[in-house]
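First to last, the sequence lines map onto chains U and A. Residues in the first sequence are numbered consecutively from 1, following our numbering. Residues in the second sequence are numbered consecutively from 1001, following our numbering.
In short, the hints are calculated from the structure, not lab data. Quick caveat: nothing in here was measured; it's all calculated off a predicted structure. Idealized CB from N, CA, C, for every residue including glycine. Just so you know, not all the hints are guaranteed correct.
[Said to hold, decoys possible] Here's a subset of chain U near chain A, in silico, CB distances under 8 Å, partners left out:
1. Met1
2. Phe7
3. Arg22
4. Ser23
5. Val26
6. Leu56
7. Asn60
8. Met67
9. Asn83
10. Gly90
11. Ile123
12. Gly124
13. Cys126
14. Val134
15. Tyr136
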Amino acid sequence: MKFSDQFEARFADMLTHYPTKRSVLVPTLLYAQDEVGYLNHDVIHEIAQRLDLTELEVHNVISYYSMLTTKPRGKFNVQVCTNIACMLRGGEELLDHCKTKLGIGHKGTTPDGMFSLEEVECIGGCSWAPAVQVNYDFHENLTAEKMDEVLDGYKRN
Amino acid sequence: MASLVSHPDEVKVVSKRFGKGATDIDRYLELDGYKAVQKALGMQPDAIVNLVKDSGLRGRGGAGFNTGMKWSFVPKQSPKPKYILCNGDESEPGTCKDRLIFEHDPHSVIEGVVIAGIATGSHAGYIYIRGEYRYLLEIMQKAIKDAYARGFLGKNIFGSGYDFEVYWHGGAGAYEVGEESALMESLEGKRGIPRIRPPFPAVVGLWGGPTVINNAETLASVPHILLGGAEWFAKLGPPKNGGTRLFCLSGHLNHPGVYELPMGYNLKKMIYDVGGGISNGRELKAVVPGGSSCPVLTASEIDVSMDFDSMMKAGTMLGSGGVVVVDDTTCMVKFALRIMKFYQHESCGWCIPCREGTDWLKKTLTRFHHGGGVKKDIDNIQYLSENMLGRTFCPLGDAAAMPMISIVKRFRKEFEDHLEGRPCPFEKAGAAERVPVLA
């Protein structure tokens, strides 16, 4: 299992931040997922070994956090918030629009592996609702038209 | 990047550096940055605690506990290291204020953490930022690095002989982790399951050491209190409710946004003046005054002062400052269902009343909203919610129950309008299918 130099440098640095090794687990899993795409067996095995944990203990943590996944996702993960503040300003309609436009449902991935779609809970875009996160990028005050532009923008990349 | 708004009634304390490039450490220093921490280094720890106590600063995460008081619970002598933990796991629906603080003024949070450390005799602090806020974690990582490079953090800070380390920490998506004991579990690399109290974190916290846990906005307020004085800060708001508050206005408003208003600002004025009134010329139906866990208010109940004590008296809470405004086209049954869907998703599953209660409420509300409700369900929703209250180890059970009880009490007629297989009176034909039965 090989991670990037940046990952290794950050990992080594983080280990010096805490009195216990295990404390680096949650952010490390997310950074590993960013590089590999999802937390496959090799990643879990590697991280468990490095932190003197069992694979089961790592799985136990992964299953708790909604951003961590053991299944592959699209290159761009479109996360549409439909919680109250977004719902009042068209979040559900936006989710429906994305479903139609991408031809996939909640937690689905397009056949070309480009996009996956997820209905998510509050992402902290309430005052700029409806809000969507594509991977880590925020897109706010959206309409169906603006959403199309956002998705087309990612497609071109 | 979240856009900024302004209103003449605003009193900018925590937001005073927003939009002024204060993420840059030199710019921050020009704007009185790191002066408060230097002042704190010259003070007795007890004097800092008393100053913060007298300022009337209360926890901005939602509970509203006096911050100085919280600090005073930390034992002076401790065989284990003491810690400061900044809670930046902002996840309460309706709340988006800490995001702006991290984006525009990260050094103020660092300064607040260091001052809290000096006041309690701690030498290390952690700033926990939710996983979704990756760009803010990056801003914070740079801010911490810059502060170390200047000798503001680390060994012998500002040449004072005092050592203080500050570390960043990122989450990975969990509302429950915003609860203080679950936050510590998460930081220790575990599932965010709350801890049983007592012992309280001030005595036994991170890795068994005494720990102060404060919200990011609370800590960002601290440097301003050190520089402006307790009396000045206390006088910004009504008695025992010092300072200002970042109110996140959202929902059916003409001018939603995050506004910094004095504590005790009138809610009606906030909606109609600051927020520009209800959008599309509609009428106000309900307000969630402080994040989705607060009991909702009806249009006739909004002439209240937005401070912790007045809101308590009005039967609700000031909470986290997330004001969600709901107009008269909204179905309150659906609104309740969406809130419950959230809590059901976020319940950690440890306490049975919360795990089973949120699940049954979600199922009942889903069936009810789809026209499959019977009259007895209405009482059952209320009864189930009331039996969750105070019966869980952490406040998530209460957070799910309180809005339900208030919605059933205040909007019972809307529930009755859904009975006998009638379609939801607020839905366009067919649109009810949108709410999945089991998501």
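* Asked: Holds or violated: is there a CB of chain A closer than 8 Å to the CB of Val134(U)?
  -> 12 Å, violated
* Asked: Quick one, is the Val26(U) hint okay against chain A at 8 Å, beta carbons?
  -> 5 Å, holds
* Any CB of chain A closer than 8 Å to the CB of Tyr136(U)? -> With Cβ-Cβ at 4 Å, under 8 Å, it holds.
* Asked: Taking the closest Cβ pair, is Asn83(U) under 8 Å from chain A?
  -> 5 Å, holds
* **Status of the hint placing Met1(U) at chain A (closest C-beta pair under 8 Å)** => 19 Å, violated
* chain A contact restraint on Leu56(U) - CB to CB distance below 8 Å -> 12 Å, violated
* Interface hint outcome for Asn60(U) [beta carbon to chain A under 8 Å] -> Hint on Asn60(U): holds, closest Cβ of chain A at ~6 Å, below 8 Å.
* Restraint satisfaction for Gly90(U) [CB to CB of chain A, less than 8 Å] -> 11 Å, violated
* Asked: Any CB of chain A closer than 8 Å to the CB of Gly124(U)?
  -> The hint holds - Gly124(U) has a Cβ within 8 Å of chain A, the shortest such distance being about 4 Å.
* Asked: Can Phe7(U) be said to touch chain A, with a Cβ gap under 8 Å?
  -> 14 Å, violated
* chain A contact restraint on Arg22(U) - CB to CB distance below 8 Å -> 4 Å, holds
* **Interface hint status, Ser23(U) versus chain A (Cβ within 8 Å)** => 5 Å, holds
Hints 1, 2, 6, 10, 14 from the earlier list are contradicted by this structure; the remaining hints agree with it.
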